[in-house]
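Engineer: Please take these sequences and the hints and turn them into a complete structure.
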Amino acid sequence: MADKNPMTDAARQAKSQPIFADIHTGNERVDKLALKSGRMIQKVSDYPMIAHLLRAAERFSDRMGSQFGAAITYFSFLSLIPILMVSFAGVGFFLASNPDVLTDLINKIVDSISDRTLADTLKTTVKTAVAQRTTVGITGLFIALYSGLNWMGNLREAIRAQLRDEWERTPQDEEKFYIKYLWDLISLFGLIVALIVTLSLTSIAGAAQQSIVNALGLNGIDWLRPAMTAIGFIISITANYLLFLWIFWIVPRHKPHSKAIFRGTLLASVGFEIIKIIMTMTLPKLATSPSGAAFGSVLGLMAFFYFFARLTLFCAAWIATADYGKKTAHRPFRKNSSAFTWLSSAGVVIVAGFVGKSPINRRLTLSCHPPSPTWQGLALRHVTSREGLTAR
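Here our numbering is used: the sequence shown runs in plain steps of one and ends on residue 392.
FYI, nobody ran anything at the bench for these hints, they're computed from the structure.
No residue lacks a Cβ here, since even glycine has one placed at the ideal position from N, Cα and C.
Keep in mind that a hint or two might mislead.
[As the list claims (entries may be wrong)] Restraint-style ranges between C-beta atoms, simulated for each label pair:
#, residue 1, residue 2, range
1, Val270, Tyr47, 17 to 27 Å
2, Trp167, Asn214, 53 to 63 Å
3, Ile274, Arg164, 22 to 32 Å
4, Ser211, Thr128, 41 to 51 Å
5, Arg253, Thr117, 54 to 64 Å
6, Thr139, Ser211, 35 to 45 Å
7, Tyr181, Pro284, 39 to 49 Å
8, Val298, Ala208, 27 to 37 Å
9, Arg263, Leu299, 30 to 40 Å
10, Val197, Trp167, 29 to 39 Å
11, Arg116, Ile212, 49 to 59 Å
12, Asp100, Lys255, 50 to 60 Å
Structural biologist: Right, here's the structure in full:
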């Protein structure tokens, strides 16, 4: 006769039992390895730095960080359309003020296309675009302002969702719409200024660095190249730091402890620099294939926006779960959280790999119990032989 509910007792003892304590394979060596792996995972997860990362990952997951990141990516990509309109209008004003350049451009278009009908069509299109530069520019500016305000509002709400003490909004969080749009406008212009300053700092510092090396005649020194690379990396991180400091300090209008903000901003700036390096290495490789040349830039831009959004929200969750200056420490992360499950799964893989290599004439089936209020863990059910399984 089957037991009443074998998982009930395990659920009651889940908090007191070590991780993987309920694994019984019949092999003493494997059972000890599983128990040691569970204790190691518990010890690692209790380390303050790892525990902080796990709390941040839990908060990021519980407060829909991935969904907010996807929404920010969508609005970021959508905001590019009016920006392109303004850019085309700027090119139109430049061509209108320089007739020689416009004539040279039209002649190159006509000469490069053998089909006369298509060449005339493109020539007319260019002239029409230049003639409508004012309309396109004004329309693009208004649309860019509207989409930019909404983008800033969505970014602010996503960051505040991670920083708030409670997930639900309180009456104090409600704002009048004109105050909201006014503050979003100030935040948007401040973010643009911060972005311009950071990009200028990076480009000017890089150019000045190379000019100094050339002026001093130090191009032939091999050991200087790693040093200059490190200096450029530090300058880029400093520029990123200024950008994220504005995002975390001004945009959400929610002030956690300053020490947490400064450290979280440093984490975000380093992560953002790593993302830029990876994108710089990946995008040229995408352009080598025909499909990559057609869609690589679009996919790369979407990936950049998405990773930027996820990094920003994760660092906001990291700032919110810091213990600096708190009268009461944060509660430890739950054992049924996604972050803890991911960490414990690594231990399962280690144990399973060892079991797969060990000469055990037994059959092991891995079963994952459905979620419950307390962490149920992973159980390995042991069947002694094929005949025993058939008899059951």
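Engineer: Hints first: check each against the structure and report whether it holds.
Structural biologist: Going through the hints against the structure:
no. : hint                          : verdict
1   : Val270 <-> Tyr47: 17 to 27 Å  : 20 Å, holds
2   : Trp167 <-> Asn214: 53 to 63 Å : 55 Å, holds
3   : Ile274 <-> Arg164: 22 to 32 Å : 28 Å, holds
4   : Ser211 <-> Thr128: 41 to 51 Å : 44 Å, holds
5   : Arg253 <-> Thr117: 54 to 64 Å : 58 Å, holds
6   : Thr139 <-> Ser211: 35 to 45 Å : 42 Å, holds
7   : Tyr181 <-> Pro284: 39 to 49 Å : 40 Å, holds
8   : Val298 <-> Ala208: 27 to 37 Å : 34 Å, holds
9   : Arg263 <-> Leu299: 30 to 40 Å : 33 Å, holds
10  : Val197 <-> Trp167: 29 to 39 Å : 34 Å, holds
11  : Arg116 <-> Ile212: 49 to 59 Å : 54 Å, holds
12  : Asp100 <-> Lys255: 50 to 60 Å : 56 Å, holds
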